[in-house]
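Chain order of the listed sequences is A and B.
Going by this note's numbering, the first sequence opens with residue 1, and the numbers climb by one from there.
Going by this note's numbering, the second sequence opens with residue 1, and the numbers climb by one from there.
To be clear, the hints were calculated from the coordinates, so they are not data collected in a lab.
On a predicted model such as this, the values are computed, not experimentally measured, just so you know.
Be a bit skeptical, because a hint or two may be false.
All copies of an identical chain are treated as equivalent in the list; a pair is satisfied when it fits inside any one copy or across any two copies.
What the hints assert, rightly or not - Once the Cα atoms are required to be at most 25 angstroms apart in a straight line, the calculated PhoX-like pairs of lysine-lysine come out as: (1) K163 x K89; (2) K232 x K337; (3) K159 x K89; (4) K330 x K295; (5) K337 x K295; (6) K38 x K163; (7) K163 x K330; (8) K295 x K163.
2 protein chains.
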Amino acid sequence: MLKNDLFLKALAGEIVPRPPVWMMRQAGRYLPDFMKLKAQYDFFTRCQTPELAAEITVMPIDQVGPDAAILFSDILVVLQAMQIEVEMKEGIGPWLPHPIQNQADLDKVVIPEVEDALGYVLDAIKLTLERLDNRVPLIGFAGSPWTLLCYAVQGQGSKTFDKAKAFCFEQPQLAHALLQKITATTIAYLKTKVTSGVHAVQLFDSWGGLLSPSDYQTFSWPYIQQIVSALKDDIPVIVFGKGCWFALREMSQSGASALGVDWTCSAENARYLSGGNITLQGNYDPSRLLSPIPKIQEDVRKMINAFGKDRYIANLGHGILPNIPVDHAKAFIEAVKNYS
Amino acid sequence: MLKNDLFLKALAGEIVPRPPVWMMRQAGRYLPDFMKLKAQYDFFTRCQTPELAAEITVMPIDQVGPDAAILFSDILVVLQAMQIEVEMKEGIGPWLPHPIQNQADLDKVVIPEVEDALGYVLDAIKLTLERLDNRVPLIGFAGSPWTLLCYAVQGQGSKTFDKAKAFCFEQPQLAHALLQKITATTIAYLKTKVTSGVHAVQLFDSWGGLLSPSDYQTFSWPYIQQIVSALKDDIPVIVFGKGCWFALREMSQSGASALGVDWTCSAENARYLSGGNITLQGNYDPSRLLSPIPKIQEDVRKMINAFGKDRYIANLGHGILPNIPVDHAKAFIEAVKNYS
Chain A
1 MLKNDLFLKA LAGEIVPRPP VWMMRQAGRY LPDFMKLKAQ YDFFTRCQTP
51 ELAAEITVMP IDQVGPDAAI LFSDILVVLQ AMQIEVEMKE GIGPWLPHPI
101 QNQADLDKVV IPEVEDALGY VLDAIKLTLE RLDNRVPLIG FAGSPWTLLC
151 YAVQGQGSKT FDKAKAFCFE QPQLAHALLQ KITATTIAYL KTKVTSGVHA
201 VQLFDSWGGL LSPSDYQTFS WPYIQQIVSA LKDDIPVIVF GKGCWFALRE
251 MSQSGASALG VDWTCSAENA RYLSGGNITL QGNYDPSRLL SPIPKIQEDV
301 RKMINAFGKD RYIANLGHGI LPNIPVDHAK AFIEAVKNYS
Chain B
1 MLKNDLFLKA LAGEIVPRPP VWMMRQAGRY LPDFMKLKAQ YDFFTRCQTP
51 ELAAEITVMP IDQVGPDAAI LFSDILVVLQ AMQIEVEMKE GIGPWLPHPI
101 QNQADLDKVV IPEVEDALGY VLDAIKLTLE RLDNRVPLIG FAGSPWTLLC
151 YAVQGQGSKT FDKAKAFCFE QPQLAHALLQ KITATTIAYL KTKVTSGVHA
201 VQLFDSWGGL LSPSDYQTFS WPYIQQIVSA LKDDIPVIVF GKGCWFALRE
251 MSQSGASALG VDWTCSAENA RYLSGGNITL QGNYDPSRLL SPIPKIQEDV
301 RKMINAFGKD RYIANLGHGI LPNIPVDHAK AFIEAVKNYS
């Protein structure tokens with residue numbers, strides 16, 4: 001059915017002629033056509049209008065040529081659906097006017113009917129699948145419960161998410177109750193994405209690396225494991241924890257099909273820490289796409305040699321940066337495609 | 001001579017009755033008396049007035065009781081001495097009006113006579129040693145060349161230091177020339193600190209963890225190694241690279257007396273990665289000082305048990321946060337002192 005199923009084959013651990021490649025945030029601000037839409041429509045309008053989300057999702061497939069599409073959306077739409085207000089402020093990023101601080105705040109947080117509250121995402125998936133016309137698979141995603149708690153409690157982005165951590169350390173029972181509500185919503189959300197036709201899902205634990213290994217096992221990992229367990233029989237699940245090298249062993253035994261790694265974890269360390277058998281995804285330093293193109297080509301060859309051609313999905317180690325020239329992004333994709 | 005030499009014994013790898021303890025940024029904003037001085041004198045006045053620097057350095061020794069003092073100063077005074085203008089803006093942090101962008105900018109950067117340009121630091125050391133009256137040893141410090149380059153090029157703090165990385169990746173020759181100038185200045189600076197009487201020095205590679213292991217070996221590690229090699233026969237050197245777990249092996253073979261580790265690297269991983277023989281320092285999550293005091297006491301006991309009593313210096317995994325209650329900081333220090 002799919003014309004290009006390299007990505008799904010790598011997720012299944014099958015032998016492939018070359019690794020598949022995509023880039024986190026590939027439908028993003030480095031694309032001039034994206035910037036035109038950004039000038040016309042605000043952030044949540046782009047997320048909530050299926051026509052726009054589909055157009056943005058397919059844009060990099062047409063323009064830079066990765067082997068998988070990832071639905072244009074945001075991890076914070078789940079908080080919105082739970083009736084936690086989220087705005088996107090220019091120059092600041094996510095802004096939550098009423099962060100969760102106590103039991104009363106928590107009591108207002110709902111576990112929604114996702115088909116209603118997030119119906120626009122499901123519509124966007126259907127429209128995107130039509131536009132993709134089976135050229136490449138479509139990835140759906142969600143943030144990890146811990147990462148969503150970070151925003152829900154801190155109220156905005158942060159280097160340290162100190163308020164979110166203080167909330168967990170001072171009021172662990174409240175924290176676990178919030179994490180469990182987010183987990184329940186996320187499982188229902190991802191299950192409807194599966195029903196709507198996505199081919200794989202990825203969980204982003206963007207802020208897991210702010211926790212000690214012991215606190216990670218307390219406040220992040222058990223909730224990711226619940227989500228993986230609930231989804232793994234329906235669809236391949238990729239877990240990406242930025243800075244979470246210390247948890248790769250637990251992750252490899254979770255039932256996930258693949259693990260994302262960032263650029264601070266070498267291929268050798270990632271294979272060792274994950275036990276050597278699971279598909280890995282990553283890990284080119286997004287800033288390194290500023291290198292001259294011949295250097296990018298050389299680096300990509302080295303990266304694939306280090307991870308190995310099989311059980312490997314070439315990607316960046318985090319989202320592509322807004323200041324990357326499109327021809328550098330294309331050179332990255334092409335270098336993987338030309339690997340032999 | 002020193003009434004408490006536990007810290008120096010741990011650095012020398014000697015058997016101790018209990019580990020020594022101090023806290024990064026222990027002379028900082030969590031202390032109400034520090035805040036009073038902060039309200040009266042701006043940041044660089046505090047650094048550049050030996051009376052104030054000495055008073056602030058000794059304050060935590062009197063008030064919370066660690067086993068070592070660390071001179072109150074800032075890593076950016078080295079850039080100022082090199083005639084790179086640095087301001088400290090309230091609410092923003094470091095601000096460099098003329099960041100390094102090209103050869104012409106680099107040509108203006110000087111390698112100063114440190115006795116002149118940084119004489120106030122040396123005066124502060126002498127005054128501090130008088131006030132300490134041999135109660136505990138005094139640590140001098142410097143930023144790593146890569147970390148100083150981050151500020152010199154980015155012009156301010158950053159989550160990703162993307163401009164600094166772009167500078168290195170696009171103009172590596174300029175980057176290496178700047179790193180070498182910073183290295184030469186830092187070696188001269190630390191040598192005069194040794195002559196002035198500090199008992200140990202610590203290098204802070206605060207932003208080393210933003211680099212891939214390969215780029216770390218290119219842009220950060222060789223310069224730290226130069227500094228360690230130049231100092232190690234004169235004084236014990238501690239290397240602390242935040243997020244640099246991947247480089248612990250090289251660090252352990254550098255001639256450094258001890259390595260700092262942050263809280264994302266467990267004691268077990270740190271001992272394994274560093275080869276098991278070198279003194280380690282760390283690694284309590286600074287946010288965890290917000291926990292109830294009995295939890296802090298329990299965590300400290302577990303931490304010491306995990307690292308082992310010997311070849312270990314109890315510390316935080318990064319600087320203490322401004323919002324930590326003083327009695328929680330004291331409880332941390334006391335829990336180490338009561339370990340048996």
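Now the hints, each set against the structure:
1. K163 x K89: both (20 angstroms within a copy, 23 angstroms between copies)
2. K232 x K337: For K232 and K337, neither the intra-copy (29 angstroms) nor the inter-copy (49 angstroms) Cα distance is at most 25 angstroms.
3. K159 x K89: Answer is both: 17 angstroms inside a copy and 18 angstroms across each meet the 25 angstroms cutoff.
4. K330 x K295: within (14 angstroms within a copy, 51 angstroms between copies)
5. K337 x K295: within (16 angstroms within a copy, 53 angstroms between copies)
6. K38 x K163: Between copies, since 24 angstroms is at most 25 angstroms while 31 angstroms is not.
7. K163 x K330: Classified as between; 21 angstroms across copies, 40 angstroms inside a copy.
8. K295 x K163: Between copies only: 18 angstroms across, 41 angstroms inside.
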